Amino acid sequence: MMVKIASERRIDNKEMRDAYIEKLIELAKKDERIVVLDADLMHSNNTYKFKEIFPDRGINVGVQEANMIGLAGGLSATGKIPFAHTFTCFAARRDLDQVYISAAYAKLNVKIVATDPGIAATYNGGTHMSFGDMGIMREIPTMTIVEPTDSVMMEALVEQIAYTYGPFYVRVFRKKPIRIYEEGSIFKIGKGIILKNGKDVTVIATGIMVSEALEAAEILENIGISTRIVNIFTLKPIDKEIIVKCAKETGAIVTAENHNFINGLGSAVAEVVVENAPVPMERVGVQDQFGEVGDIEYLKKKFHLTAEDIVESVKRVLKRK
Amino acid sequence: MLTDVEVTELERFANQIRIETLKELGHLGFGHIGGAMSIIELLAVLYGKVMRVDPKNPKWKDRDWLVISKGHSGPSLYATLALKGFFPKDWLYTLNRGGTNLPSHCDRNLTPGVDMSTGALGQGISTGMGIAMGLKMDKKKNYVYIIIGDGESQEGQVWEAALFGGNANLDNLIVFVDYNRQQLDGYVDNINSLGDLSKKWEEFGWHTQEVDGHNVNDIYTAIQMAKQVKNRSHVIILHTIKGKGCNFAEGVELNHHMHFTEEQVANAIKELEKKFPEKAGDPA
Ligand SMILES: Cc1ncc(C[n+]2csc(CCOP(=O)(O)OP(=O)(O)O)c2C)c(N)n1
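Protein chains in written order, with the numbering used here: chain A, 40 to 360; chain B, 78 to 361.
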């Protein structure tokens, strides 16, 4: 794995949904097996761009997410590589049994690409805010869960997702996040990335919390706390090696995720830490609450998903070290 | 049948709801405009003539209930409730702001007068039927009204509910289908057509009517007709136009969720105000 980290944190120059669909279109030009399904969110997910080029392989099923997953399972049984799209809330909650049985249990090759994770659902509000989707998906055997961090990583992962057999849950912030990586970075599914070295504590972050973690690290350096930052973008299978290494080398861990602090990254990391290298831990995430409507800045504060929240957790964990 | 005076009154009420909805969404600059506009005549008839509600006592046990299963149309319900006095009209300007009581999708725990939390399409028809069953168990006379979308009708749950409701004979229930023929990605017929919708509902055992969903008299008359038919569950298919009455949304293919300028909104409101010049806007 070879990553180049952006020297400055700026808004991405590309929406993640575009980085994704453009790469998928490129692959589909060479591979007729790739099929896109969407459930009346083609103009939210930009999958309409695929349908415009491949009308026969771009299917809008209408508002029927569960049926879509079943169709994807069947398509996969005939050797197709179906990518099914909807919002994270519907992918995880409404489709769970179909994902479980018709995709995973049947050992089929269904790729679920789900957008607007957690507070990214902003103005759609509580019904659309998925704080538990990764936890739900984590419970399904054989499921691979990835949350790409920015458009560079998104684009780089599409090919691996397409050509690694088995069910995938891809959690996508569909607009422009903060750009973390430089073009040309190489990523490997299942492998975490050390973004910044440090010796006092490790912050492990995913999704939009990666940039908050980097910001927190700067604040912490100023008060003399040397903070290591790790981006774990594959929730399952989780990178045990990097977690154990960081636990041993820094002696304290804080996780940060745009997700319920139950069952997501924090829990996955804690499971590894507890069994292999027990050290004090804190989890930054949504405190087992329902979502609500608002803009992203409001929601970040409301659900304690800011750099300051990470700083506070680091201070707490260090007291227990 | 309504008298001419009653028709005019309801049309005026509908016009006010449209104007308030536009102000509410306009203040934010974006929102689910299309589906909000297509149910406004229905809301005017329900809240202007049909439903027993008490704005001062939203949880009144003898009230009629409304479940907007296509929960993204909350904004036009909020405008209606504000005009009826359920809460102050300036709440409308808090739509979708952090901490608001008026979220984009209906929430029974936040908004006085909202009877069910909806937003995940397909679920409101089931919860509405459950409410109707509960009321029947308690031998109560309240009516339950449910509004579902045509795109929403692609959900399997809608047809599970239809099958169940056709057998359950809930004559205290009327389901309205907002058949505006558009969904998020465009025209329903181009995506996953509902075919002969009326026939489907009939076949599922429902007392089925089809009317012009922008004609207040037709809507009212169909509701009265439904109430005369006992021991059947009722559905009224409303032929509507997505974005109806909003000049920058009506007739546009992708008018489900739009961004709009202050000028567009002001312009649309001006046009609506011309319809009832003597009493434009707020009656009070
Ligand atoms: C289960 C579910 N899937 C998807 C969505 C996203 N969504 C909101 S509205 C909508 C289209 C609904 O179309 P329709 O029912 O015809 O509503 P209308 O045109 O009346 O606004 C979609 C896909 C949702 N809210 N719930």
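If you are wondering where the hints come from, they were derived from the structure by calculation, not from laboratory data. Mixed in with the good hints there might be a few duds.
[Unchecked claim] Below 20 Å or equal to it, Euclidean Cα-Cα: the simulated DMTMM-like pairs (lysine to aspartate or glutamate) are:
| no. | chain 1 | residue 1 | chain 2 | residue 2 |
| --- | --- | --- | --- | --- |
| 1 | B | Lys136 | B | Asp266 |
| 2 | B | Lys218 | B | Asp131 |
| 3 | A | Lys90 | B | Asp215 |
| 4 | A | Lys235 | A | Glu222 |
| 5 | A | Lys354 | A | Glu288 |
| 6 | A | Lys90 | B | Asp131 |
| 7 | A | Lys88 | B | Glu330 |
Computed from a prediction, not measured in an experiment: that's the story for all the values here.
Hint check results:
no. : hint                : result
1   : Lys136/B - Asp266/B : 39 Å, violated
2   : Lys218/B - Asp131/B : 16 Å, holds
3   : Lys90/A - Asp215/B  : 52 Å, violated
4   : Lys235/A - Glu222/A : 18 Å, holds
5   : Lys354/A - Glu288/A : 18 Å, holds
6   : Lys90/A - Asp131/B  : 50 Å, violated
7   : Lys88/A - Glu330/B  : 17 Å, holds
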